[in-house]
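These protein sequence lines map, in sequence, to chains U and L.
Counted the way our numbering counts, the first sequence spans residues 1 to 116.
Counted the way our numbering counts, the second sequence spans residues 1001 to 1111.
I should point out that these hints are in silico values taken from the structure, not numbers from a laboratory.
No false leads were mixed into what you were given.
Residues of chain U placed beyond 12 Å of chain L at every Cβ, according to the derived structure:
#1 Leu11
#2 Gln14
#3 Lys22
#4 Asn26
#5 Pro61
#6 Pro66
#7 Asp70
#8 Leu83
In silico lysine-lysine, BS3-like type, Cα no more than 27 Å apart, as pairs:
#9 L:Lys1098 to U:Lys67
#10 U:Lys36 to L:Lys1098
#11 U:Lys44 to U:Lys67
#12 U:Lys9 to U:Lys44
#13 L:Lys1098 to U:Lys41
#14 L:Lys1003 to U:Lys44
#15 U:Lys52 to U:Lys71
#16 U:Lys40 to L:Lys1003
#17 U:Lys36 to L:Lys1003
#18 U:Lys71 to U:Lys22
#19 L:Lys1098 to U:Lys44
#20 U:Lys9 to L:Lys1098
#21 L:Lys1098 to L:Lys1069
#22 U:Lys52 to L:Lys1098
#23 L:Lys1098 to U:Lys40
Where is the CB? At the ideal position from N, CA and C, for every residue including glycine.
Here is how the chains run, residue by residue.
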Amino acid sequence: DTAVSQTPKYLVTQMGNDKSIKCEQNLGHDTMYWYKQDSKKFLKIMFSYNNKELIINETVPNRFSPKSPDKAHLNLHINSLELGDSAVYFCASSRRTSSSGANVLTFGAGSRLTVL
Amino acid sequence: DAKTTQPNSMESNEEEPVHLPCNHSTISGTDYIHWYRQLPSQGPEYVIHGLTSNVNNRMASLAIAEDRKSSTLILHRATLRDAAVYYCILFGSSNTGKLIFGQGTTLQVKP
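Make the full structure from the sequences, and use the hints.
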């Protein structure tokens, strides 16, 4: 009964490959997010979707493309992987839209991507 | 974006209270003060949040200064499982609705 689940947990791949990370939440939340945590442990927001609509799009290379088939799923597809894409990617969800200060996020366990 | 300032690290003894400080002098009137923590090899976990009044829940207490320019997260009895990075975050209009994580405070709990 995991609230926010991500697959795969670990992903090792070669430079230039295309890969996807999937995220699903069973909390009935309307808003979902992708965060990236680099080797220095800084967490940065990448994208946010509300009811399948993109509402936050940070300065992220266009090789990263989020896709939300429904409000319970937010997948992250990465084209032409580079060494610098190695990081832990966290999916999160919340009941309210991101503009509400009372918003509480629930995070997944993370997907560690290693690009060789 | 409104910023928070936290000590890089703190130590505590097991079963003693821990007070984690946070300064946020540029907080705006609509910003909520949130605390999250990240245990080793896990995703961030919500701890508590408040706007003006002190808040209590089963995990911790949040004490907010009257001028709202600082706050303190209180763990009443630290356990070894509370060793984590604790993030104090302002969430609201001053951060354009984004939960922006800073460096946080790494809490070590000694047995």
